[in-house]
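J.: Okay, here's what each chain looks like letter by letter:
Number of protein chains: 2
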Amino acid sequence: MPASSALHTDRYELTMLDAALRDGTADRRCIFEVFGRRLSGGRRFGVVAGTGRLLSLIRDFRFGHEELRFLRDEHIVDAHTIDYLEDYRFTGTISGYREGELYFPGSPVLTVEGTFAEAVILETLVLSVLNHDSAVATAAARMSIAAGDRPLAEMGSRRAGESSAVAAARAAYIAGFTATSNLEAGRTWGIPTMGTAAHAWTLLHDCEEDAFRAQLDALGTDTTLLVDTYDIRHGVETAVRLAGPRLGGVRLDSGDLPTVAAEVRAQLDELGATGTRITVTSDLDEFAIAALAASPVDAYGVGTSVVTGSGVPTAGMVYKLVARQDAAGGWVPVAKASTDKSSRGGRKTAFRVLDAGTATRETIVVSDGFDAVATADEHPDARALQVEMARGGDIDAAHEGTAGVEAARGHHQRVREELPVRGLALSKSDPAIPSVYVDLE
Amino acid sequence: MPASSALHTDRYELTMLDAALRDGTADRRCIFEVFGRRLSGGRRFGVVAGTGRLLSLIRDFRFGHEELRFLRDEHIVDAHTIDYLEDYRFTGTISGYREGELYFPGSPVLTVEGTFAEAVILETLVLSVLNHDSAVATAAARMSIAAGDRPLAEMGSRRAGESSAVAAARAAYIAGFTATSNLEAGRTWGIPTMGTAAHAWTLLHDCEEDAFRAQLDALGTDTTLLVDTYDIRHGVETAVRLAGPRLGGVRLDSGDLPTVAAEVRAQLDELGATGTRITVTSDLDEFAIAALAASPVDAYGVGTSVVTGSGVPTAGMVYKLVARQDAAGGWVPVAKASTDKSSRGGRKTAFRVLDAGTATRETIVVSDGFDAVATADEHPDARALQVEMARGGDIDAAHEGTAGVEAARGHHQRVREELPVRGLALSKSDPAIPSVYVDLE
Numbered sequence: 001m002p003a004s005s006a007l008h009t010d011r012y013e014l015t016m017l018d019a020a021l022r023d024g025t026a027d028r029r030c031i032f033e034v035f036g037r038r039l040s041g042g043r044r045f046g047v048v049a050g051t052g053r054l055l056s057l058i059r060d061f062r063f064g065h066e067e068l069r070f071l072r073d074e075h076i077v078d079a080h081t082i083d084y085l086e087d088y089r090f091t092g093t094i095s096g097y098r099e100g101e102l103y104f105p106g107s108p109v110l111t112v113e114g115t116f117a118e119a120v121i122l123e124t125l126v127l128s129v130l131n132h133d134s135a136v137a138t139a140a141a142r143m144s145i146a147a148g149d150r151p152l153a154e155m156g157s158r159r160a161g162e163s164s165a166v167a168a169a170r171a172a173y174i175a176g177f178t179a180t181s182n183l184e185a186g187r188t189w190g191i192p193t194m195g196t197a198a199h200a201w202t203l204l205h206d207c208e209e210d211a212f213r214a215q216l217d218a219l220g221t222d223t224t225l226l227v228d229t230y231d232i233r234h235g236v237e238t239a240v241r242l243a244g245p246r247l248g249g250v251r252l253d254s255g256d257l258p259t260v261a262a263e264v265r266a267q268l269d270e271l272g273a274t275g276t277r278i279t280v281t282s283d284l285d286e287f288a289i290a291a292l293a294a295s296p297v298d299a300y301g302v303g304t305s306v307v308t309g310s311g312v313p314t315a316g317m318v319y320k321l322v323a324r325q326d327a328a329g330g331w332v333p334v335a336k337a338s339t340d341k342s343s344r345g346g347r348k349t350a351f352r353v354l355d356a357g358t359a360t361r362e363t364i365v366v367s368d369g370f371d372a373v374a375t376a377d378e379h380p381d382a383r384a385l386q387v388e389m390a391r392g393g394d395i396d397a398a399h400e401g402t403a404g405v406e407a408a409r410g411h412h413q414r415v416r417e418e419l420p421v422r423g424l425a426l427s428k429s430d431p432a433i434p435s436v437y438v439d440l441e
Numbered sequence: 001m002p003a004s005s006a007l008h009t010d011r012y013e014l015t016m017l018d019a020a021l022r023d024g025t026a027d028r029r030c031i032f033e034v035f036g037r038r039l040s041g042g043r044r045f046g047v048v049a050g051t052g053r054l055l056s057l058i059r060d061f062r063f064g065h066e067e068l069r070f071l072r073d074e075h076i077v078d079a080h081t082i083d084y085l086e087d088y089r090f091t092g093t094i095s096g097y098r099e100g101e102l103y104f105p106g107s108p109v110l111t112v113e114g115t116f117a118e119a120v121i122l123e124t125l126v127l128s129v130l131n132h133d134s135a136v137a138t139a140a141a142r143m144s145i146a147a148g149d150r151p152l153a154e155m156g157s158r159r160a161g162e163s164s165a166v167a168a169a170r171a172a173y174i175a176g177f178t179a180t181s182n183l184e185a186g187r188t189w190g191i192p193t194m195g196t197a198a199h200a201w202t203l204l205h206d207c208e209e210d211a212f213r214a215q216l217d218a219l220g221t222d223t224t225l226l227v228d229t230y231d232i233r234h235g236v237e238t239a240v241r242l243a244g245p246r247l248g249g250v251r252l253d254s255g256d257l258p259t260v261a262a263e264v265r266a267q268l269d270e271l272g273a274t275g276t277r278i279t280v281t282s283d284l285d286e287f288a289i290a291a292l293a294a295s296p297v298d299a300y301g302v303g304t305s306v307v308t309g310s311g312v313p314t315a316g317m318v319y320k321l322v323a324r325q326d327a328a329g330g331w332v333p334v335a336k337a338s339t340d341k342s343s344r345g346g347r348k349t350a351f352r353v354l355d356a357g358t359a360t361r362e363t364i365v366v367s368d369g370f371d372a373v374a375t376a377d378e379h380p381d382a383r384a385l386q387v388e389m390a391r392g393g394d395i396d397a398a399h400e401g402t403a404g405v406e407a408a409r410g411h412h413q414r415v416r417e418e419l420p421v422r423g424l425a426l427s428k429s430d431p432a433i434p435s436v437y438v439d440l441e
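From first to last, the protein sequence lines stand for chains S and W. Its first residue numbered 1, the first sequence is counted upward by one per residue in my numbering. Its first residue numbered 1, the second sequence is counted upward by one per residue in my numbering.
What the hints contain is simulated information worked out from the structure, not anything from laboratory work. Even glycine gets a Cβ: it sits at the ideal position worked out from N, Cα and C. Hints should not be assumed to be uniformly reliable.
To be verified - Derived coverage of chain S by chain W (criterion: at least 3 residues anywhere in the stretch with Cβ under 8 Å from a Cβ of chain W; other residues may be distant):
| no. | segment |
| --- | --- |
| 1 | 103-115 |
| 2 | 122-136 |
| 3 | 227-240 |
| 4 | 405-418 |
What the hints assert, rightly or not - Partial list, computed: chain W residues near chain S (C-beta under 10 Å):
| no. | residue |
| --- | --- |
| 5 | Ser5 |
| 6 | Met16 |
| 7 | Thr402 |
Said to hold, decoys possible - Some chain W residues judged to face chain S by a derived CB distance under 7 Å, without partners named:
| no. | residue |
| --- | --- |
| 8 | Arg22 |
| 9 | Arg187 |
| 10 | Gly190 |
| 11 | Val334 |
| 12 | Leu354 |
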């Protein structure tokens, strides 16, 4: 994978840049806004994720010799544009919702302000990161709500592209998962990693007993044994016979889990292994987790459904020009006018209005392009949702790296507490709170 | 993104390696097989994709100082295992379906043979790549069938993780797409790139006419103008007035496309722009494309649906130990026995049986672990599906890079011709041909 993020870009962005450098509009100051028109899949809230790693990718968004050679050889842009790109570095301002924050239809999740030239070419990278990571985080938050206090591990790397898998582990952790199986996510983002053995481990050995014994020798009695390769009842019996009643845990990866979990719990208790934990991992999603709430399950492992957004694999956010300066330097709010994809022009300032700590609405104040004067002071029961993340192109490092991940995870836990009870339900519905636009006179 | 692919690995693989190095089973020769138990989403066929880039990633699967330090510091494996990983290089054999090949339930898409130690740790990387890319390719093939001879461009990068977007463009191209908007896919994989302008281009300007004029000046009359920012009828009129009847194309990104396309075609013809092409790009999937077959549309651009597998975002393939040597060196076929996830142990050799050039079944010959004697010679109307891709760890470079992509695309076009007519339909159904297991005595 190349080191530069600069070609994670749709060709039309460079084509527009090329044309804008010719006709003199490249330097017009612009405000691009990231928002979702709706919450896909009847979700009651969305979770913003990806911001921290996006900011780092924007810092790396530089056109080196290899990138420029490709653009030149393929005649994608002309020589004047090559010169511009050679010196390219984003110098504008970025503000947005903190990573881990909830969002609703129309929430101005990220605002990028700069010249048309410098801002238009970030569209694809911005959306790739935020749409993927937010889709995963939104699904993960629902699973985390369903799991309650039980530990919840992400183990879906094999069901996602190899790099997206790392980002998915990160997004799931921010939204409440407790660990991941993905080692790269552990290294890059400091997320706790977990995992013991697959069916291949048992099948490698001449019998299940050999496999369990070898695992116990290597990892100690506190390990988790996978007991469903052949016959679960026999597997549990062998496990406790070898490990003793202090066996750490057993894992179940098949069968009707409520039934099997109850049977295994009864068997473990009978054998005196009352402290042995039961982890379940078979094709779980938020609904299956919720259905296991009354079952004697101690931990969940989730694969496919979390990394694919549990039916909503992309958040569907868009990156739209909402205001620009005209030739005289005044701001002009702009928006597409077609009926089925219309959006609101103008700069947005967003607040979550609270009543005794519970969110009641998303207020989105619309101004022309000038800095909105709307402040949290004028909305005493409201929380301002946007923070500045870059100014003059300098990115606030607090959002990046492992510290950024921990901050986002903490922020998500706090703001999720603000959701009204109806926001916690898993069924399809309208958003938990309405989005209300207020025009600033 | 780190250069080594070695930590795109689930922790349990290294835990098993650790335990296997202790108990002496690490050196047992094993056969791991990649297959899908079913075709998710009622698909009639699957398309294998990702193989070429997977082989390169396996070559790069090495544990450098940084990777080893992480594993040591986090106490994921012991010192003995660190020593093993320091020298790790896959030395086994890989065979499998050519990239672009069709697959069906049980098809042995990839077979990895080596010691348990060297093969078990590739599981996550193998599945991440094949599951993602095959899901995209399968959806893309259905769209390509629906589009017929009309050009079909992939433009969904913004709806996929930034690296998966590049892989998705590659997979879509292999399965019949003609171009991509993603520049990194153009650079890395040699895929033709396309794209002209977004709504932001029109909104940047003081009026639509200014925007069109600037684009025509920069890109010439043959460019494609996006005409639906304000009013489509007015947009088309402006476009032809400025460009003349030789205008290359117009793009429509909203509205009821069959209706709008017919109106725009009539208007263009009225204006004398009879050769001006109409490209449509609004939330298309295979069904929407099929519904436009009778409409005057010249080209399609597809975003979200292709990069997310059009409802099936992962192919759901698994990587299972199917045979291993015992302590005496004999082969033992192995398989998990639980009821809902059972699979067939033993080495598989697969053939597509044809009748007058049309596929009639997938024959999967099952042997114990020894090289199957089943050959295509004994199946004169059958095509052998597996080719050797690595031996002694040396990867056949023919599958890699841009040449590998072109070969895969060509292969896909050829084998798709073998599908029976019922395999081309888009509705949910059983697989187009049955998978038949034959036990080799």
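J.: Could you run down the list of hints and mark each one as holding or not?
T.: Status of each hint after checking the structure:
no. : hint    : result
1   : 103-115 : violated (count 0)
2   : 122-136 : holds (count 9)
3   : 227-240 : holds (count 5)
4   : 405-418 : violated (count 0)
5   : Ser5    : 7 Å, holds
6   : Met16   : 5 Å, holds
7   : Thr402  : 13 Å, violated
8   : Arg22   : 5 Å, holds
9   : Arg187  : 4 Å, holds
10  : Gly190  : 10 Å, violated
11  : Val334  : 4 Å, holds
12  : Leu354  : 33 Å, violated
The structure shown violates the earlier hints numbered 1, 4, 7, 10 and 12.
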